[in-house]
Structures are given as C-alpha cells and as structure tokens.
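Build the full structure now, drawing on both the sequences and the hints.
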Amino acid sequence: MREITQKWGFKGLYPIEAASEYLGGLGLLCYEVVRRLPKRWEGQLILGQMERIGVRSLSIVLLTALFTGMVLALQMGNYLTRFGAKPYAGRILALSMLREMGPVLTALMIGGRVGAGITAELGSMQVTEQIDAMRSLGINPVQKLVLPRLAALMIMLPLLTVLADFVGVMGGLFISAMELDISADFYLNSIIQFIKFQDLFSGLGKTFFFAFFIGIIACYNGLQVTGGADGVGQATTQTVVTTSITTLVSDFFLTKLFLQL
1 MREITQKWGF
11 KGLYPIEAAS
21 EYLGGLGLLC
31 YEVVRRLPKR
41 WEGQLILGQM
51 ERIGVRSLSI
61 VLLTALFTGM
71 VLALQMGNYL
81 TRFGAKPYAG
91 RILALSMLRE
101 MGPVLTALMI
111 GGRVGAGITA
121 ELGSMQVTEQ
131 IDAMRSLGIN
141 PVQKLVLPRL
151 AALMIMLPLL
161 TVLADFVGVM
171 GGLFISAMEL
181 DISADFYLNS
191 IIQFIKFQDL
201 FSGLGKTFFF
211 AFFIGIIACY
221 NGLQVTGGAD
231 GVGQATTQTV
241 VTTSITTLVS
251 DFFLTKLFLQ
261 L
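Note that this note's numbering numbers the sequence shown so that position 253 is 253, with each residue one more than the last.
I should point out that these hints are in silico values taken from the structure, not numbers from a laboratory.
C-beta: ideal position from N, C-alpha, C; glycine also.
One or more hints might be untrue.
[Stated by the list, open to error] With a Cα cut of at most 20 Å, we get these calculated EDC-like pairs of lysine to aspartate or glutamate:
hint: 1; residue 1: K196; residue 2: D185
hint: 2; residue 1: K256; residue 2: D132
hint: 3; residue 1: K196; residue 2: D181
hint: 4; residue 1: K86; residue 2: D181
hint: 5; residue 1: K86; residue 2: E17
hint: 6; residue 1: K144; residue 2: E42
hint: 7; residue 1: K196; residue 2: E179
hint: 8; residue 1: K86; residue 2: E179
hint: 9; residue 1: K256; residue 2: D199
hint: 10; residue 1: K196; residue 2: E100
hint: 11; residue 1: K144; residue 2: E51
hint: 12; residue 1: K144; residue 2: E121
hint: 13; residue 1: K144; residue 2: E32
[Stated by the list, open to error] Simulated restraints on C-beta separations:
hint: 14; residue 1: M170; residue 2: R40; range: 51 to 57 Å
hint: 15; residue 1: F252; residue 2: G84; range: 28 to 34 Å
hint: 16; residue 1: G27; residue 2: D181; range: 53 to 59 Å
hint: 17; residue 1: R40; residue 2: E129; range: 41 to 47 Å
hint: 18; residue 1: V55; residue 2: E17; range: 21 to 27 Å
hint: 19; residue 1: V142; residue 2: D181; range: 32 to 38 Å
hint: 20; residue 1: Y88; residue 2: R113; range: 45 to 51 Å
hint: 21; residue 1: K39; residue 2: A229; range: 17 to 23 Å
hint: 22; residue 1: R36; residue 2: L74; range: 25 to 31 Å
hint: 23; residue 1: A19; residue 2: L63; range: 34 to 40 Å
hint: 24; residue 1: A133; residue 2: R36; range: 31 to 37 Å
Shown next as structure tokens:
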C-alpha cells in the first residue's frame with residue numbers, strides 16, 4: 001500500500017493508510033489476546049498490576065470526582081433555582097455522575113495516567129530488546145505482559161468508578177447543604193427514590209469497554225515503539241490522545257446501546 005501511494009503520489013492517502021495499519025494492528029492484538037487466554041491466570045502478576053493501576057490512581061480519581069460533583073451541584077443549583085426546581089438538584093447530579101461523569105472522567109484519568117505508564121514501560125522494554133529476549137526464551141509477550149495489565153484494568157476501572165460515583169455524589173451533598181440550603185436527608189432520600197439499578201448498571205457497563213480499549217491501545221503502542229527514547233515519548237503521547245478520543249467516541253455509542261436496553 002505504501003509503495004503504491006509513493007509511486008503514484010497519492011499523498012492524501014497517507015492518513016488513511018496509517019489509520020488502516022493502526023486499526024489492523026489493534027485488531028491483530030485483540031485476536032492474539034483472545035487466542036492466548038490462559039486456563040489458569042497468574043494471580044501474582046494481576047495483583048501487582050491491580051495495585052499499580054488501582055491503588056496508585058485512587059487519589060487522582062477521587063479528587064477529580066469530588067470537585068466534579070461540587071461544581072455540578074453549584075451549576076445545577078444556580079439554574080434550577082430560577083425555575084423553582086432546586087429540590088431536583090440531587091437527583092440530576094446523581095444521574096449525571098452514575099451514567100456519564102463518573103465512568104467517563106475515571107476512564108480519562110486512567111487512560112492518561114495508567115495508559116501512558118503502560119506504553120512507556122513496554123516501550124522501554126521494546127527498545128532495550130527485552131521483549132525480543134522473552135520471545136527467544138519461548139515466553140509469549142502477550143501472555144506475560146499484555147494479559148495481566150488488561151485483566152487488572154478491567155477489574156479496577158469499574159471499582160474506581162464506583163468510588164468516584166460515591167465521592168462525586170457526596171461532594172454534591174456538601175455543596176447542596178452549604179450553598180443551596182438542601183438538607184442532607186432530603187438530598188439522599190430524593191436520590192434513593194429516583195435512581196434505579198439500571199442507572200448504575202449503565203455506567204459500570206461502559207467501564208469494561210473503556211478498560212479494554214485503554215489496555216489494548218496502551219499495550220499496542222508500547223509494543224510498536226521504535227527509535228529509542230524519542231520513540232517512547234511519541235508513543236506515550238499517542239496513547240494519551242488516542243485513549244481519550246476513543247473513550248469519548250465509544251461513550252456516545254455505548255450510551256445509545258444502554259438506553260435501548
């Protein structure tokens with residue numbers, strides 16, 4: 001393909017060619033992941049990745065959720081007061097956090113922090129030929145490097161999202177009580193009466209897809225690094241951008257899907 005575009009001078013096809021190669025590579029990695037699914041998982045590797053991905057990301061995720069909930073409460077309280085609908089602030093905030101803000105913001109934080117870290121780590125191993133050494137010893141990199149990180153992401157992202165939802169709602173409670181004169185009892189009771197299990201299921205269901213996309217993109221970019229330290233930096237930047245865009249785009253389609261369930 002590249003030779004054809006260079007020969008005939010179709011420069012406009014370069015982005016299409018690059019995108020097709022990238023998507024094809026991601027597809028092949030997905031196939032390899034499914035093909036290499038082990039009968040027995042290596043728990044020690046997964047637990048180590050869960051600690052790196054989940055525990056070390058806890059502070060940034062909860063801080064983001066807290067101030068998001070507080071800002072939402074301020075904005076909603078300001079506008080709902082104009083229409084005499086201030087008591088509905090808690091319901092709308094909880095619905096926003098559970099269905100959209102909690103899952104998406106958590107995925108964006110994890111994609112930026114963890115995704116970049118995975119790419120940098122695997123990229124460094126690639127440029128120092130550690131991955132080639134693993135292959136020469138008969139060790140499959142997908143099974144030893146990709147699968148534990150992917151499994152840890154798909155376990156920890158939903159758990160982090162649950163915590164983010166809770167902290168965001170509590171941040172809204174604090175602002176509602178301090179700024180909007182809404183009692184804590186009324187705020188919590190209105191949420192309990194209004195929110196359904198489907199709202200929580202919709203948000204958490206998205207996180208499994210987000211985690212898979214983040215893990216596959218981060219690992220693929222890391223395994224494809226060339227050019228030394230400069231290549232690692234470029235791959236890390238590409239991971240942050242690609243995971244962020246993928247999260248936002250897939251959120252639209254997943255929202256449409258879950259609304260129809």
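Against the structure, the hints come out as follows:
As the CA atoms of K196 and D185 are separated by approximately 18 Å, the hinted pair is consistent with the 20 Å bound. Using a Cα cut-off of 20 Å, the hinted pair K256 and D132 is violated, with the two alpha carbons roughly 43 Å apart. A hinted pair counts as satisfied when its Cα atoms are at most 20 Å apart, and K196 with D181 does not qualify at roughly 25 Å. Distance restraint check for K86 and D181: the Cα-Cα separation of roughly 10 Å lies within the 20 Å cut-off, and the hinted pair is therefore satisfied.
Taking the CA atoms of K86 and E17, the gap is about 53 Å. The hint is violated against a cut of 20 Å. For the suggested pair K144 and E42, the alpha carbons sit about 9 Å apart, so the restraint of at most 20 Å is met. A threshold of 20 Å between alpha carbons decides the hint, and for K196 with E179 the separation of about 27 Å lies outside it, so the pair is violated. A hinted pair counts as satisfied when its Cα atoms are at most 20 Å apart, and K86 with E179 qualifies at roughly 11 Å.
For the suggested pair K256 and D199, the alpha carbons sit about 13 Å apart, so the restraint of at most 20 Å is met. Of the supplied pair hints, the one linking K196 and E100 holds, its CA atoms being roughly 15 Å apart against a limit of 20 Å. At most 20 Å may separate the alpha-carbon atoms for a hinted pair to count; K144 and E51 meet this at roughly 17 Å. A hinted pair counts as satisfied when its Cα atoms are at most 20 Å apart, and K144 with E121 qualifies at roughly 14 Å.
This hinted pair checks out: K144 and E32 have alpha carbons roughly 12 Å apart, not beyond 20 Å. Hint check: M170 to R40, Cβ distance near 40 Å, so the stated range 51 to 57 Å is violated. The hinted range of 28 to 34 Å is satisfied by F252 and G84, whose Cβ atoms lie roughly 33 Å apart. Distance hint check: the CB atoms of G27 and D181 are about 55 Å apart, consistent with the given range 53 to 59 Å.
R40 and E129 have their C-beta atoms about 29 Å apart, which leaves the hinted 41 to 47 Å range violated. Under the hint 21 to 27 Å, the C-beta atoms of V55 and E17, about 41 Å apart, miss the expected range. Hint check: V142 to D181, Cβ distance near 56 Å, so the stated range 32 to 38 Å is violated. Between Y88 and R113 the Cβ separation comes to about 34 Å, which falls outside the hinted range of 45 to 51 Å.
Taken as a hint, the range 17 to 23 Å is violated for the pair K39 and A229, whose Cβ atoms sit roughly 38 Å apart. Taking the beta carbon of each, R36 and L74 are about 49 Å apart, not inside 25 to 31 Å as hinted. Taking the beta carbon of each, A19 and L63 are about 35 Å apart, inside 34 to 40 Å as hinted. About 19 Å separates the C-beta atoms of A133 and R36, a value inconsistent with the hinted range of 31 to 37 Å.
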